[in-house]
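Top line first, the protein sequences correspond to chains W and Y. The first sequence runs 19 to 322 under our numbering. The second sequence runs 218 to 549 under our numbering.
Source of the hints: derived by calculation from the structure; they are not laboratory data. Certain hints may be false.
As the list claims (entries may be wrong) - To be clear about the criterion: a stretch of chain W counts as covered by chain Y if any three or more of its residues have a C-beta under 8 Å from a C-beta of chain Y, and this derived list gives those stretches:
1. 84 to 96
2. 182 to 196
3. 216 to 226
Said to hold, decoys possible - Simulated pairs of lysine-lysine, DSSO-like, Cα-Cα distance not exceeding 30 Å:
4. W:LYS104 / W:LYS172
5. W:LYS309 / W:LYS172
6. W:LYS268 / W:LYS172
7. Y:LYS439 / W:LYS309
8. W:LYS309 / W:LYS212
9. Y:LYS439 / Y:LYS354
10. Y:LYS310 / W:LYS309
11. W:LYS212 / Y:LYS263
12. W:LYS212 / W:LYS104
13. W:LYS279 / W:LYS268
14. W:LYS212 / Y:LYS354
This one's a predicted model, so the numbers in the text were calculated from it and none came from an experiment. Backbone N, C-alpha and C define an ideal beta-carbon position, used for all residues, glycine too.
Letter by letter, the chains look like this.
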Amino acid sequence: MTASAASPTHGSVNHPRKRRSRGRYVLHAFLIVTSVVWLAPVLWAAYTALRPYADTGGAARGYVSIGGSYGFQNFFDAWTRVDMPKFFLNTMIVVLPAVVLTLLLASMVAFAVSRYSWRFNLLLLMLFTAGNLLPQQVVITPLYRMYLALPIPKLVSDNGLLYDQYIGIIVVHVAFQLGFSTFVLSNYMKTLPKELNEAAVVDGAGVFRTFWEVILPLCRPPLAALATLQFTWIYNDFFWALILMVTGDKRPITSALSGLKGQFFTDNNLVAAGAIIVALPTLIVFFVLQKQFIRGLTLGSTKG
Amino acid sequence: MTDSVNRGLSEPAAPTRRRLGIPVGEAPGDAPRKRRRFSVLTRRDKLVLGLMVGIPTAIHVFFIWLPTIASGILSFTSWNGIGLDRIKFIGLKNYTDLFSGVYPPFWPAIQHNLIWLAVFLLIATPIGIFLAVLLDKEIRGTRVYQSAIYLPVVLSLAIVGFIWQLIYSPDQGLINSLLGTAGTPQAIDWFGNRNVNLWAILVAASWRHIGYIMVLYLAGLKSVDPGLREAASIDGASERQTFFRVVFPVLRPINVVVLVITVIESLRAFDLVYITNRGLNGLEILSVLVTNNIIGEASRIGFGSALAMVLLVISVGPIIYYLTRSLKDDAA
């Protein structure tokens, strides 16, 4: 938000146009080299993935070469070899409810904290923000035992526990991500005019209707940004499912990649293709929703 | 449409207030008005508000803070995880075992976490800030450069591990292929050799971290009042002086965020190391040691909790620092 707030004025300022030419060339050269270096690992993975192992590995041309055949066979192989559709589905079963729940619950807290004055406002915000900054490993040991011990209705858990269940993974994501989203949303809601609440009260709206019909619709920009960001973060998670999910078949896509690594021999071309497939959803987010993603990140770090 | 609503409602206020030196959180005059409105609430409204705050708070406290406290308590016990009645209080024994070196990976892990932190703090973060400063200039194609540098940020650390494996592998990796050592006994196993693997991992981790810092800092730079820079350049300040004497101090809030993110991220380092070799052989770090003590055959809950507490104690400093800096405005 800060970025978009400041950019109109920023653009209108005329920087001094002297000393431009040579400095500019050096700057561009430096930035081009940096960008190429930055993209190189991903491009290298893509290039490797397009070539069959027979052309690159062993006594063949080697990896640093051109020629031989190019194609998408590795992608098809990776897709079927570890049953990627299943793992993508697993990921979606976790990610979609987790993102929706996180945003819903966080916006409720943010609404209460930012639109009404409570004694515990600041304490609550501190609690959530600090919780979000904790390293996951600080909580994992007791959490793991809790997941094994707590009884849960069979309706949402086929073994009666949180352990090894989608619901367990969803819940821990929500609990952890609430902090950041609450912080961002409450900062945003504070900037909305106070009169909105008063007008809603005059219209006879209760608290929940004020939240749902007045404030929440105005929060679409931060919600879109947060949804993008949370999707990426939860999609990318590796840790929670690693510890709290024991059935290999139920694990998310990020852990499926290890299935492509052989015990004695690894076909790097196949691994490269697998890595690119798994990265694809986040890369799509990167290309399509770049603005939202950046806004989400910066909303959390700059106030106002 | 939502964009224009957003701009119309919120954005004129914040920058103006900031320029006037008023904290952006609340205007001082708002407080009494708010208190009056609170009394307008009916009993039902209060109940609804209570639930809106209570349910999420309960979830957060139950799944994050309760285990944190439990970690603290369990760190003074010995327990294999089976049967609550088997929990035995053993005082500080877990900690004395840790610090006296009975558990060999502990001190290497502390050392590796510190190296991680130092590399992020002294190399990666400054590079990110430097790139942000360069990209903040009005140059053609800045968007393209920005995109290239922050692309790794959207990748999961697990994927980052796999991508760098393609570069570091001894038989098929890019570096060994370029050196002509691929598949020969002279090949360097960048992720496997304990003399180099921490540094190899840090290159991969920095690749992502630098992009992250660049994005954050760039947003901060865009929020700096252009008038400040103009004033500095009229006063004859060089670009470097303008940055260090004017822009950098003004960006204190974002500096705090960047500092805290750098520290927290280096304590959280896990995925990349775990994917590479489960934190063995030169890559011991605290977060992986915690994990290794609770899964696998030897489940040592008390000991793992003591490790987690060490991690917590190290992260508490930056967390408190961040809270006091970033929430100060709200208290005003």
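Okay, the hints, checked on the actual structure:
1. Using a Cβ-Cβ cut-off of 8 Å, 0 residues of the stretch 84 to 96 of chain W lie near chain Y, which falls short of the minimum of three, so the contact claim is violated.
2. Under a criterion of three residues with beta carbons nearer than 8 Å to beta carbons of chain Y, the stated coverage of the stretch 182 to 196 of chain W is upheld, 6 such residues being counted.
3. As drawn, the stretch 216 to 226 of chain W meets chain Y at 5 residues by the rule of a beta-carbon pair under 8 Å; at three or more, the given contact holds.
4. Only pairs whose Cα atoms come within 30 Å are accepted, and LYS104 of chain W paired with LYS172 of chain W is accepted, the gap being roughly 23 Å.
5. Taking the CA atoms of LYS309 of chain W and LYS172 of chain W, the gap is about 42 Å. The hint is violated against a cut of 30 Å.
6. A threshold of 30 Å between alpha carbons decides the hint, and for LYS268 of chain W with LYS172 of chain W the separation of about 17 Å falls inside it, so the pair holds.
7. For the suggested pair LYS439 of chain Y and LYS309 of chain W, the alpha carbons sit about 15 Å apart, so the restraint of at most 30 Å is met.
8. Annotation: proposed proximity of LYS309 of chain W to LYS212 of chain W holds, straight-line Cα distance about 28 Å (limit 30 Å).
9. Simply put, LYS439 of chain Y and LYS354 of chain Y have alpha-carbon atoms about 10 Å apart, close enough for the 30 Å limit, and the pair holds.
10. Taking the CA atoms of LYS310 of chain Y and LYS309 of chain W, the gap is near 52 Å; set against the 30 Å cutoff, the hint is violated.
11. Note on LYS212 of chain W and LYS263 of chain Y: the hinted pairing holds, with a Cα-Cα distance of about 18 Å set against a maximum of 30 Å.
12. Using a Cα cut-off of 30 Å, the hinted pair LYS212 of chain W and LYS104 of chain W is violated, with the two alpha carbons roughly 48 Å apart.
13. As the CA atoms of LYS279 of chain W and LYS268 of chain W are separated by approximately 19 Å, the hinted pair is consistent with the 30 Å bound.
14. For the hint linking LYS212 of chain W to LYS354 of chain Y, the alpha-carbon distance of about 38 Å lies beyond 30 Å, and the restraint is violated.
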